[in-house]
Amino acid sequence: MQRLSTSLLLALFAWNAPMPSAATQSVCLLQDAPKQCGEFCLTALSPMLDHIARHEAEWASSVLQANATGARLARIEALQTAMNIRQKALQEVFPKDIGARLDRLESQQAALLRILSQFDRKIVPPKFELIGTRFFYIEDETRRNWTSAGSSCRQMGTQLATIRSAEELAALRAKLNKERHYWLDITDLEKEGDFMVSASGKRPNFLKWRVGQPNNFSGNQHCVDLLDGLMYDNKCEGLSYYICQSDDDSLD
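Counting with mature numbering (1 follows the signal peptide of the UniProt record, and there is no 0), you get residues -24 to -1, 1 to 228 for the letters of the sequence shown.
Pairs of lysine-lysine residues, derived as DSBU-like cross-links and limited to a Cα-Cα distance of at most 30 angstroms, are as follows: (1) Lys103 to Lys211; (2) Lys184 to Lys103; (3) Lys178 to Lys151; (4) Lys154 to Lys103; (5) Lys151 to Lys211; (6) Lys211 to Lys178; (7) Lys103 to Lys178; (8) Lys178 to Lys167; (9) Lys184 to Lys211; (10) Lys178 to Lys154.
Pair by pair, the computed Cβ-Cβ distance ranges are: (11) Ser124 to Glu168: 15 to 25 angstroms; (12) Leu89 to Gly133: 19 to 29 angstroms; (13) Ile99 to Arg186: 31 to 41 angstroms; (14) Lys151 to Arg179: 18 to 28 angstroms.
Calculated from the structure, these hints are not laboratory results.
Keep in mind that this is a model prediction, so the values were computed, not measured.
Using N, Cα and C, we set each Cβ at its ideal position, and we do this for glycine too.
Given the sequences, and given the hints that come with them, work out the whole structure.
Quick look at the structure:
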């Protein structure tokens, strides 16, 4: 600040000093500007010095604000860089076929929910066991005719069984006595040769006849039973063991 004041004094003095005339050819040399100018020079410079003093704080504040803004920008850039690195890492972790995997998972979840919804329709009765994806009861003690077997299942809040797939048949076959007949809920009592599920009035989802079956031997075989994994048509009045299922085909 002292240097700036001295320079301004010299400049002002030089500006206001009279130009040397040809007559006099005299020169005024400044050796000590503040002392030589005295009150006049200081009074003339006072407005300029006040202006500098007033704005010095503003200039310093502007510098501080610029520094703070630069620091904020640096932090934002660092955060953006970190986010980019994290996003790239996540892309490398997740497999490219994640969409297909999610689709398969949703499909499996839907299938599981369908199975659970069947279980939730009613409380599974005692003695029923999970065979494949459904609950069955295998009666291996008392033989009944087809009508009585159906009534026995209904008394438990269930129905005579039907088989829905080759996989389910294989699972049941592993539980059954291979030398015994077991009634199923399939009949052509309404129309010869047109086998239906009695509980739903619909055609069965799956049939696996023994070779030569159904043959309606003697013209009075209208009810279906199972022997060693194969289906036969037999007399509805005959006595056989039977299989009940916990879910209701009429609700499908």
